[in-house]
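Number of protein chains: 2
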Amino acid sequence: MIPIVLHEVGLRDGLQMERQSAPFEHKVRWAESLMESGIDILQLGSFVHPEKIPQMADTDRLFSHFSASGRKPAGVLLSGLVLNEKGMERGYSCGVEMFCMGVSASETHSRKNTGMSTGEAMARIIPMAQEVLRSGKKVQVSVQSAFGCGFEGPIPLERVLSIVRRYLDGGLSNLSLADTAGHANPAQVKEMLDELFKLNSQIEWTGHFHNTYGLGLANCYAALESGLHTFETSSGGLGGCPFTKVAAGNVCTEDFVHSLQRTGERTDIDVKKLIAVAKDLSTFFGRDLPGLLYKTGPLGDTFRS
Amino acid sequence: MIPIVLHEVGLRDGLQMERQSAPFEHKVRWAESLMESGIDILQLGSFVHPEKIPQMADTDRLFSHFSASGRKPAGVLLSGLVLNEKGMERGYSCGVEMFCMGVSASETHSRKNTGMSTGEAMARIIPMAQEVLRSGKKVQVSVQSAFGCGFEGPIPLERVLSIVRRYLDGGLSNLSLADTAGHANPAQVKEMLDELFKLNSQIEWTGHFHNTYGLGLANCYAALESGLHTFETSSGGLGGCPFTKVAAGNVCTEDFVHSLQRTGERTDIDVKKLIAVAKDLSTFFGRDLPGLLYKTGPLGDTFRS
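Those protein sequences? They're chains A and B, same order as listed.
Following the working numbering, the numbering of the first sequence begins with 90 at its first residue and continues without gaps.
Following the working numbering, the numbering of the second sequence begins with 90 at its first residue and continues without gaps.
Okay, chain A solo, but in the shape it has when bound (with noise of 0.2 Å):
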């Protein structure tokens, strides 16, 4: 059985959505609990100029708090997403251990995000991502919108194979699959992997769905099922769809976790304590959070199959 890894998103992802603005000390508690409880990969923030995205202002402050000796549980890889050079300088200044960096496969979606083609992207993040390889740290690097855009509607298969296809001539084999948009459903996500992994059966992949219309964690269930052992998750399901107004946004981690619990799977993470962040974000923002599992709470330990 290949160990199902878990990228924890909601610091970055989920707070970024948010209106209010987490104070340092509440991410650092949130960072902490996270990591206690078992996952793999924290995402602490990103690096975007700050009146850009003000939720993000002490992204560099977070990275230099948990790269102090003893802040952060071996094991844990601390990642950050970066979008231009600047960024990366950054993050590197600051202790990012990997580099999540990415383009989206929807040419509309790119210029009002970047400004730029999603060519031009890609010739912006490739050498980017190289240099971060040549440095030494890890680098993850994503197709956004891959399976449908909140502007554009479907997105050709064959666009998400291009762009993974330039990746992979560019020496990178770490890839997300995101679907900004929410618009995935199970057939879909397993044709599209059934195709990447004919490209390239070594390529380490992770997959970053919403749950916007419903299917975040069937499509989990498909990619899993078709192979893919990465999942990108938030705390509470925080987080949105930027093209809807609801907020139905990621996967929602603990309500996955429990989940994989019930057939043994990842039994090593802390679910509890898992529940207690999504209940300290929900009591923090003063709203329900679409997560499940910090509602209902988990199933007795008696009753896991």
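Treat the hints as calculated values from the structure; they're not laboratory data.
The reader is advised that the hints may include incorrect statements.
Chain copies aren't distinguished; within one or between two, either way the pair holds.
[Stated by the list, open to error] With a straight-line Cα cutoff of 30 Å, these simulated DSSO-like cross-link-like pairs (lysine-lysine) come out:
| hint | residue 1 | residue 2 |
| --- | --- | --- |
| 1 | Lys384 | Lys368 |
| 2 | Lys279 | Lys201 |
| 3 | Lys201 | Lys362 |
| 4 | Lys141 | Lys368 |
| 5 | Lys227 | Lys161 |
| 6 | Lys141 | Lys287 |
With chain A fixed as given, assemble chain B onto it according to the hints.
Using the frame of chain A, we list chain B on its own:
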């Protein structure tokens, strides 16, 4: 491609969980819209003592209303849940076309729900169902708590198999598996269906999943892959698991239909009509329902892949 059959149970499994009883006229309007949408089977209510579940007190009147000539679109089947012989007599009198009845695979759940053991309940249900068959009406028999019980925890697969064998021995082959407590997970669904299909490949299987722990749609897809094609779902996701206090009950009809339509299935169903009912239910009960699509809106026609 075997067509997927949709059995809408919100007016029974949803409304019976609500404190506030919906007036007859509202139920008629919701039932009309649901039938016009193109779903296949509509459950109008259950035949229980009105003092026990007052929300279902007008079930006979609803059936009589829609049994009158011209009030029901051709092709829609009206189902009703019956618990005992008295309910069956009421159902005959008012025009039930498909009788639903069942037992719980959990002894504790069975006793709490009916005051009888699973064996005693079976001894009562089977002759009732056989009588319905002789009368020329349709009958569906179910196994409740088939995937786990809120009181007992895991339910051994063998217990479900033994109930199913007794149904089959009694000549009953329209069977429903209900995940009453929401404990099912995709691997378990596949394992159980594989075993059940070995018993008899000609059985008409129905799946009834709850979204208590977020796996409702994932379990539907697992069931579909295993060859089950009929699903009981609820408008807006109305309803809940009687063992937890959260409103995250039934699989949401319009979310499921919208998802099926993405891959070209059941495109005959008018998802906008379904959304209108969910919105109306949400307005009537004055709160958000678990369904997502009535909040996000459907993907545009041009976006359908």
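Structure-based check of all given hints:
1. Lys384 x Lys368: Cα proximity of Lys384 and Lys368: in one copy and across copies (8 Å, 24 Å).
2. Lys279 x Lys201: within (29 Å within a copy, 43 Å between copies)
3. Lys201 x Lys362: neither (38 Å within a copy, 33 Å between copies)
4. Lys141 x Lys368: So Lys141 and Lys368 pass the 30 Å test inside one copy only (28 Å; across, 36 Å).
5. Lys227 x Lys161: For Lys227 and Lys161, only the intra-copy Cα distance (17 Å) is at most 30 Å; the inter-copy one is 62 Å.
6. Lys141 x Lys287: neither (39 Å within a copy, 59 Å between copies)
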